[in-house]
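K.L.:
Work out the full structure, taking the sequences as your base and the hints as a guide.
Number of protein chains: 2
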Amino acid sequence: MNDGGAVGIGVARLDAADKVTGGARYVDDLKRAGMLHAAVATSPLAHARIRGYRIDAARAVSGVKAVLIGPDLPQNRVGNFIKDETTLAHGKVRYVGEPVAAVAATSLQAARLAAQLIELDYEELPSALSIESALAEEAPLIHEELASYVAVKPGKSRGNIVWDVLMAEGDVDSAWSKCDVIVEGEFRTQAQHHAYLEPNGVLADIDANGRLTIWSSCQSVFHVQQRVAEELGIPMSRVRALVPRVGGGFGGKHATNLQTIAAALALKTHRPVKLVLSRSQDFEMQRSRHPARLRMRTGAMRDGTIVARDTEVVLDGGAYADESPAVVSFAALMSRGPYLIPNVRCRGIAVYTNKLRAGAYRGFGNPQVTFAGESQIDELAGRLGMDPVELRLKNMMRAGDRWFGGQSVTRCRAAECLKAVAEAARAAPALPVRTGRKRAFGYAAATHICGMMGVGASVQLKADGTVALATGVVDIGQGSDTVLTQICAEALQLPIESVSFGSPDTDISPYNWKTAGSRITYMAGRAVAGAAGQVRDKILEHAAEMLECAPADLELRPGGRVGIVGVSGKEITFQMVAGRSLYRVGGPIIGTHSLVYDGERFDPKRATVEFSAFDNPGVYTFGALAVEVEVDTITGKVEVRRAWSAHDVGRAINPLSVEGQIQGAVVQGLGYALSEEMIWDDDGRLANPTLAEYALPGLADVPEEIVPIIVEDPEPTGPFGARGVGEIPLVGVAAAVANAVAAATAARIRQLPLTPERVLEAMAD
Amino acid sequence: MNDGGAVGIGVARLDAADKVTGGARYVDDLKRAGMLHAAVATSPLAHARIRGYRIDAARAVSGVKAVLIGPDLPQNRVGNFIKDETTLAHGKVRYVGEPVAAVAATSLQAARLAAQLIELDYEELPSALSIESALAEEAPLIHEELASYVAVKPGKSRGNIVWDVLMAEGDVDSAWSKCDVIVEGEFRTQAQHHAYLEPNGVLADIDANGRLTIWSSCQSVFHVQQRVAEELGIPMSRVRALVPRVGGGFGGKHATNLQTIAAALALKTHRPVKLVLSRSQDFEMQRSRHPARLRMRTGAMRDGTIVARDTEVVLDGGAYADESPAVVSFAALMSRGPYLIPNVRCRGIAVYTNKLRAGAYRGFGNPQVTFAGESQIDELAGRLGMDPVELRLKNMMRAGDRWFGGQSVTRCRAAECLKAVAEAARAAPALPVRTGRKRAFGYAAATHICGMMGVGASVQLKADGTVALATGVVDIGQGSDTVLTQICAEALQLPIESVSFGSPDTDISPYNWKTAGSRITYMAGRAVAGAAGQVRDKILEHAAEMLECAPADLELRPGGRVGIVGVSGKEITFQMVAGRSLYRVGGPIIGTHSLVYDGERFDPKRATVEFSAFDNPGVYTFGALAVEVEVDTITGKVEVRRAWSAHDVGRAINPLSVEGQIQGAVVQGLGYALSEEMIWDDDGRLANPTLAEYALPGLADVPEEIVPIIVEDPEPTGPFGARGVGEIPLVGVAAAVANAVAAATAARIRQLPLTPERVLEAMAD
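One line per chain: the protein sequences are F and B, in this order.
Our numbering numbers the first residue of the first sequence as 1075 and each following residue consecutively.
Our numbering numbers the first residue of the second sequence as 1075 and each following residue consecutively.
A couple of the hints might just be wrong.
Treat identical chains as interchangeable: a pair holds within one or across any two.
Unchecked claim - As a list, the in silico EDC-like pairs of lysine to aspartate or glutamate whose alpha-carbon atoms are at most 20 Å apart:
| hint | residue 1 | residue 2 |
| --- | --- | --- |
| 1 | K1093 | D1281 |
| 2 | K1342 | D1092 |
| 3 | K1512 | E1615 |
| 4 | K1711 | E1835 |
| 5 | K1105 | D1281 |
Read the hints as simulated data drawn from the structure, not as lab findings.
Note that the structure is predicted; figures quoted are calculated from it, not measured.
P.N.:
If you want it as structure tokens, here you go:
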């Protein structure tokens, strides 16, 4: 390790050794004296009115200390956008698997047995399990209490609509006449489960004052704190949220009602309560990626200039709104893709259905619209007789262009990314021919954002000249602890071993909104760089007084030293400055920096934006993917043999980590493209709620090569030029695979996943 | 509870409910998976050279995972003032009970058995067990390696002298000629044990990277972090220190080698290691109050004007320097007492002896000099025929005077405190006469400081308008969590339930030097008020933008609201400001404030100060005590029937807590005055290392009434005017009791404790 600075170095993850040796502790590893175990009873019906509870049998189970039902809890409805959820079902159930009651007992066995013995009297209601049935005239109302809402056009019935957003620029309707070629189609995408290695879990402890301490597998301790307080109707100051190691999130571990269920049981029993979901309950109860129905039309002139795109995206939001308003708004924002299309429109609708809620999932609505959009680019290329890469490059956004909605795009290396993957793919040595297989390359370009919301960080100089970095950022496995430590080390020219990283604690840590939106490197990184910069400035002030010179004459030197510019020797160490500040002059050196994403907002002069859930999402990012696909013409099985994924990350703080993000996202995208699908039967019951039945990609499904290509063009507002890369490498995967399959077989498949059955069927057409 | 503000209210301790219900967790309550138990092998000799180790028998004990001896550890010597300590004895042992080896085993039984089986080959050396034998010409050198040191006068041999300080003002030697009455005498005080309810303990955990996490019963997590890192020779960034509840400290729980012993065992075994001392080992191994020999001379004119005081104080520091340099310097600083004596001198010497180290203990050298000083005031009064209260009042410092050394005393209600206790005592209804008992009042005035060193705090606004307060302050049972929370609540006009208090974590919390020096309310309170003030200012800025007015037009209103001065209604809530800052404008609101005590330093034009361990100790505090004592003339037993203790606390943040501090300190002072004494036999072995043998005051020894009297004169630099009161109520207790005994029996006893034997003997003289 070098003496000072750590940006651009592929540092091994700080948490790696603990994880590979089994030392890392997750929620289920935690124990407290007197701890009870909890289990949740869930709805067997997709839609029903609750007429009564029979809990005596559950109460009679030996070891049961508390049974909790909906009416025991405050009925305040919560939700980030629409307040439509209660902790436990109240009055109605709206999906199979919805928590209706919970039990705390001295053993997990007793708790689960008792949960099974809880019976509710239901009056079954007709259910809506698909977008079509939810939007039908005679559709059963899933949330009768929500008569109207701001995002629904005045005078219109809300029905089962969660959110209804419109974005438009130019004049789409009259643009079609300028088009020589128009492609049009309906696309369908499925529900994908997050399939984090660790199911959701929580341990809630309580002190004699009734103050709660909550450890949970989550993406934001602050969000957990806020949600538990809101659901229970208590001040946030009465809730402390902590986090052990988290076994993956991918958007699926924003706070849920689980934390509150455990907290409510702790309040009722005055004992610590642990609730960890089984894999099946996690599948049935938590969240999915939104299934979507997309209708898209894209038109171009003969020379390949794309003139117009019109999109209707309908997202199946499941039984509760959760993040649907944001996801559908983001899908609309991304519907233009990384292209400068002058006339563009997207109407996005999210609907309620009687299934588990859909929510945030790596990509956040973007993989759905990109599947449609990038498929249509290839279709257009085919119709125009153009190379699909050339068509993309011809229309691609460049630095200085404006985004759909009017925001400036100051940096954009989209074209370079696409060229890089195309060149790499074409230069790769040809694979040996296999009989019965058709093989082709497929391409997709992608765009995404990083940014959003507030974050803070603090950096503190220790007595020995090392520093303590604290953020409220939860590392959900993506490596942010390491990256943020590198940023701090770089700013102070210290080796990373001299920087400690504090574990998030809502009582102490600076706020962070969430580990979401590809935002940690960019947003938390800015906060860390700002806080470290304050420490640097204070160190220089002290050193200047000690050396009797101006701070501007001084420079940091690697390893915690300050010297006079141009003069060797005569150095002040950080340790000397620390001693002076802690014991004599000025006080402990603590840098604190907080910020909120403050980019441009939509420009109402350029665009019509109605009911978008946000208006300044973040800095735009760009990337591209090439895949080489082999289709078995007998079985229809699609195999992705190689992939090249290039992304402009501004500056790779940790190249190893960027490569890991790219490779992991490609694999997760391949699951989405080829095999993963949550399937509900006609009664609304999830048919494949286990890892045995839900077809995650296995080792055999991973391509021989996934080549990450890092493109760097420093982002002026980013920490050391960095942008986020957490989501974008997943965004275009399904489209690239579909394009490769079409190139190999001439079969254009518009429904995910590309199962062997669908491939065979399309080839037969 | 009121809506906003909490200063001046006797709030029940936030930790009280947890403590009385048994829910509070202390080190020994903590468990970690795979945790080992540790035991320490100690020296049986007071002074010996180590010739060899025999550890095979210990290693052979079933369950033993590691045996650690001195040579296994880095030999870097540590110490705040003199680097004379190693983690385990190395080369020599210097007191009976000194740790020479440690064992980690799967059970406590195995660890303790193995520790007993460790044998060292010793070459016994002559020992020095008293001040006299340590200073004797032929005294054995306890630290040969310390040939000379800055605090020893040039050209003089260091011998067993730890520190040698001189403070002088005026011209003492020629002042005696102006005196009509001179009293002179030698005083002796004993070693007192801190007798915290919870013995010292530590749990050290280690991750796969070798980073340590240390929970310990301590007075400063930052000091633990620093000391463990220094002893092990690793960066502080590799050590995280936390603290569960602490069962008392009183100065005895600054970091010791225990934390490092457990850490070293964790490093060796790669498993968590818990080490909790037995009561006997805690007595034998940890710290005591310094035994002292004082020679004092005080002279006055016939009218009672005190003209001169000359003091020599020799402190028995035990085998290691620890805080002795600071304690002896502080004793010198306090030797003038709260009186304006123009000619004053104190030479203070701390010596090494072959006993456990003496260190910080509530009062920090002041109870020793005050015992002598206040005894001599009564002796002078007797010789002058004056009322001892009147004599004190005549010479007492007043606001605007200067302290011994030259520092300004801007606030001083010493006289009011003394008048208050004297009036209260004299107005109290007379107790019934008991035969065979002599009864009298005794008085003492006292002075002390609060302040010192660095501290920080942060306050963060939560989404719902409540706030999180974080400091690095360890509440050792004195109630600082509650007081600091009140200060924060007051600054923001919130109810205290809206303020959470973070548990110290060296990875995140703002630095605090130590819970010591009566400094938390004053120093940490200033940091909290500063941080909360920043939050208030930022809230007002947001509200001003939201209301389109100037921040100066706005006022905080109770319960988290901001309104326009003179206008009712039109309010902005903290919650509205929080939402705006977290999600749209400015960023999360975090106030951070840090400071270091920056009072005046000694004035070299007024005073001679040589080798003082500090030069700006803090803000001076004042108080007084009256006791009513009954002496059994047959048995010599002294019973304190009633006590009145008045202190100028500036402003009582929490009057209940101030009263508790006063009452607790009076009882601890009575133990010091009457019964507590650590007794060593001629071989240097502690004869009474158990609570059965060491005579702590029991319930029967506590006076029927201890009347706390709070005097308030706001300190301009203090948070809401507060000063510290943690130590001063103990300072004068022994003197007041001795004065009462002398008043009742005419026997002047100059040696503590005032045991029945000593009282009978003195009465017989």
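K.L.:
Could you run down the list of hints and mark each one as holding or not?
P.N.:
Hint check results:
Taking the shortest alpha-carbon separations for K1093 and D1281, only the inter-copy value of 10 Å comes in at or below 20 Å, while the best intra-copy value is 31 Å. For the identical chains of this complex, K1342 and D1092 are inter-copy neighbours only, at 17 Å across copies versus 36 Å inside a copy, given an alpha-carbon limit of 20 Å. Taking the shortest Cα distances, K1512 and E1615 never come within 20 Å of each other, neither inside one copy (68 Å) nor across copies (66 Å). In this homomeric assembly, K1711 and E1835 come within 20 Å of each other (Cα to Cα) only inside a single copy, at 12 Å, whereas the closest approach across copies is 105 Å.
For the identical chains of this complex, K1105 and D1281 are neighbours both inside a copy (15 Å) and across copies (18 Å), given an alpha-carbon limit of 20 Å.
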